[in-house]
Each structure stands twice: as structure tokens, then as C-alpha cells.
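With chain A's structure known, arrange chains B, C and D on it following the hints.
Now for the letters of each chain:
Protein chains: 4
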Amino acid sequence: MQELLAGYPVIIEFPVHWGEMDAFQHVNNIIYLRYFESGRIAYFERAGFMEYMEKSGVGPILASTACKFKFPLAYPDRVLVGTRVGEIGDDRFTMYYRAVSTRHDKIAADGEGVIVAYNYLEQRKAPLPEELRMNINRLEGRA
Amino acid sequence: MQELLAGYPVIIEFPVHWGEMDAFQHVNNIIYLRYFESGRIAYFERAGFMEYMEKSGVGPILASTACKFKFPLAYPDRVLVGTRVGEIGDDRFTMYYRAVSTRHDKIAADGEGVIVAYNYLEQRKAPLPEELRMNINRLEGRA
Amino acid sequence: MQELLAGYPVIIEFPVHWGEMDAFQHVNNIIYLRYFESGRIAYFERAGFMEYMEKSGVGPILASTACKFKFPLAYPDRVLVGTRVGEIGDDRFTMYYRAVSTRHDKIAADGEGVIVAYNYLEQRKAPLPEELRMNINRLEGRA
Amino acid sequence: MQELLAGYPVIIEFPVHWGEMDAFQHVNNIIYLRYFESGRIAYFERAGFMEYMEKSGVGPILASTACKFKFPLAYPDRVLVGTRVGEIGDDRFTMYYRAVSTRHDKIAADGEGVIVAYNYLEQRKAPLPEELRMNINRLEGRA
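Chains as they are written, first to last, in the working numbering: chain A, 1 to 143; chain B, 1 to 143; chain C, 1 to 143; chain D, 1 to 143.
Here chain A stands alone, though its shape is the one from the complex (with noise of 0.2 angstroms):
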């Protein structure tokens, strides 16, 4: 399991839900970018960007989200979502997500999502904060 997870700094595990099923008797699809979302919160937490967004006003914003499935999710099962960030721009960056089926060890879906810094108080794109891109670069282990 942990093999399919290499590479992704931030990990969280959580239990499916029998009602996140649909009448397919699968996990429904936009669950899974439930599961991705809360992968990025935690990612954010480990990166400060809380703290960062309620001194300065500038936080991160959503712009794009995909996700490929790879293998249906059903109840009973444990998810491992691993998230890491790829590539950084002067505004946004990139973040890639995996869920992983504990139960099945196999890969459920990979996702990806474009983050842009955005200036709450002033309503508009932001350039990424230096605090929060050391500490990305720091938390993927790059110099």
C-alpha cells in the first residue's frame, strides 16, 4: 500500500460511509472529490496556509479539479488520500491527488487541481506568498 503512496507527503485515512454509495452500489463520483478536497485541506494545514490566510487575507482558491477512476470504491472500505504539489507558478500551483483502497490495495482514483492565491480583502489573484512556497518546497523535499 504504501508503495502506491510514495512520493505524496501528506497522507490521511478515513472509512467510506455506506450512504457515500449511490444506486450503483459504488462510492458516487463526486465523493471522490470529497475525499481529494479533504486530502488539500490537510496539505494546507501542513503548509501553514491557514494561519497565513487569517494574518493576511490571502488564501488559496479552487480553479480547476479532474479526477481519472481507476477502481470503483464501495462499503466497507478504509481510503488513504495522499496529496502532493507539483508544479509552481508565480500565482498557483498544482496539487495531485491518489486514493488508495486499503481493502483492495489498488489505486481508486487520481486527481489533480489548480490552486491560484487569491487576496480575499482586496478580491483579487495574489502572488503566492515566499512563506507558503518555502514551505511546499519544504514539505516535498525540495531544496
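The list treats identical chains as one, so a pair stands whether inside a single copy or across any two.
Derived pair list, reagent style DSBU-like, types lysine-lysine, alpha-carbon separation capped at 30 angstroms:
#: 1; residue 1: 106; residue 2: 125
#: 2; residue 1: 68; residue 2: 125
#: 3; residue 1: 106; residue 2: 68
#: 4; residue 1: 70; residue 2: 106
#: 5; residue 1: 70; residue 2: 125
#: 6; residue 1: 70; residue 2: 55
#: 7; residue 1: 68; residue 2: 55
These are computed hints drawn from the structure, not numbers from a lab.
Just chains B, C and D now, with coordinates in the frame of chain A:
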């Protein structure tokens, strides 16, 4: 249909989303509470709660909720939710909800909930403002 | 914490998903019912309902549900849900749920629901099978 | 509004539920995918997928999904979702979705997804049935 909702002064209508069904191929139980919540918010708007809350800091808190399931909803269907207020106390009142399947012309569920007035600025219960009490009584056609 | 759940033979634990919070920045009301549902399913598994349903066509239907909100849950938190069965009738029984915030060591909500035995093959209510009644009593430590 | 959905042969409309908003007081990201799912199901119905699946065992599977967020939805609003099919391959096709805020007369999000034909009886991919290909082309106004 309309007679099923006689006595409910606020009625909303919306379609069932396919994804609201669960593995038993009916609308999942908790979604009925989502529907009632939408009815409650519509009622609050009609009774001026939201504006009152913004100017005074006193707003509603849901203290309890209950639902009797009568007929299972499924996709496709359009749902009507009727909302009315029953007993009004010093600091609380009881709301009654009814969800109706328009496809089957049947009551899908009956619900109720106790709403308590809460002063969000002072973080404690508050008497139900006279203005809101009057608005509710007017909506309900009571003297 | 454990004393808050004394007398509940089936207990599950899971984290709050950030996205389960609503615009009031607390876990949305209907999500408590999702948590209770997960507790109910866990209880059904422990009492052998799911296997019994597959072999006989007789399974559980949720006839009603109710929830008293005691303390607002928010992200981040881990929730414990305890489930127990109270009164058992000829064709139905009452389940009690308790959701506990492990972060605050407080009861977040107490719930209950009536479960009716249903013969899915014959599409009508059924007596509660003796085997399941015994399994429940064993779980509950009743003679 | 209508020009924002020009070229989308299947359009559905529904209100935002208050409870679909998250702690940022906008409709939560995953709900956009729920809206697209409702558009997809409506398209499937119009193209005869559901009937075809019942008689043949060949139905659609969502292989991937993506969403670009353009304008944040919030309660109250009514949403239009347009759905169209683009490229059609031997065993798959691409669907495009657009969610429009009727309150603001703006595109809220654009999405897409790859749908693969799947034989549920034989548990493997299947060629896209000619009947469905023709139905899609007819809906899309293609020769």
C-alpha cells in the same frame, strides 16, 4: 397534490438529483432532511429572519429534528416541500415539514423541528423577537 | 470519553470531512444523520442483518429518525458514534445513537430511529426474525 | 442566458439548496460535479441509454471528469446545466457540461468527462452500440 399541502404557507419545488439515491436505489434518508432544510430556509426568508439576523445578531438555531418516512422517493421525480410553524414559545417554535412526490401524488415524508432563537453576538439563547413572531403569525394566517 | 458511550455496544470512529461544514461553519445538520446511518449499518453488520437479508429477503427499513443537537461539530475533529437497540416489538425496534466529539469530549448529538422488518421479496412488513432478535439481545447483553 | 448554452442540446434547471454551500459560503466544489451528473443522466435518458442498458447489459461508465470553476455559485440561485457530446470513439465519447447561474447570467463552471461503454454482464469494456451512437448524433444535430 395541493390538498396534501393545505395549511403549509411556504412551499418550494425542486427535482430529485439522481445522485441523491443510495445503494437501495431510493433517495437516501438524510436527503429528506436536506429538503426540509431548504423548506426551512425559504420560510425564514419569507418571515424576515435573515434580514433580522443581519441587523440584530439574533438568529435561528435548529435544536432538534425528526422525520417519518412514508413513501420512498426516487429519481426521476419533482418534490414539493411545505413548511409551517406550529407552537410558538418564549424563545422557540416548532416547524412542520411535508415532502410530497409530484410523480406519485403521495406524501413522501413528514418532519418537524424545534427552532430556538439565539443571540450570536452574546452567544446565548434569546427571546423570540416580537417582529418575527408577528411575521410568522401573519404568514400562518393567525390573528 | 468512554463513559459518554457506556451502554452502546457498537462504536465507530471517523474524522469530520472539512466539506461537511455548511455556511454557518459547523457540520451541517443532515450530516449528523449520515453519521448515525454509519452507526446503524455497523450495528446491522454486527447483528448479522446483512447476511440474513441476502439469504431470506427480509431486511431493515428506516421508518423514522430523530436527532437532538447538543454541541456543534466542526472540522477538525474525530467523531465517535455509539449505537444501541432499545425496545423490540413484533416487527420493529428502536435504535439509539450518540455522536461524541473527541476533540471537545462532549456529546454532539443524540438520535433515535425506528427500524421495521421488511420482506423485500413479498414487498410487505415482516415479523422480526427470531435469529436477529437473539443476535441483538446478545449484543446488548440481555438474557 | 440562452446564448451561454447555445450548442448544448440537453438543458436542465434546478434551484441551489442552501445546504450545498460550504464554510466559504459558496456552493461547495463537489456539488458542481453533482450538477454535471444530473445533466449527464438527463442526456443519457434523452439518448436512450437507460433503456438500452436494461435490455442489453451495456451501459455507461464514467472514466474521468474535470471542472473549471469560473464564478462561485451561492444560495439563492437557479442553475441551468447544459450537456453535449463531442468526440465519439469506438468504445467511448466525451461529454461537455456547462453550469450557468441564472441569477447572475454567468457561466459558473465548465466541465467534461469521458464515458466508456461497459458490458455489465460480461464485466468488460464494450464497443459503443450503433443505436446509441445514432441517438447521440441525432441529439447533436449531426448527420
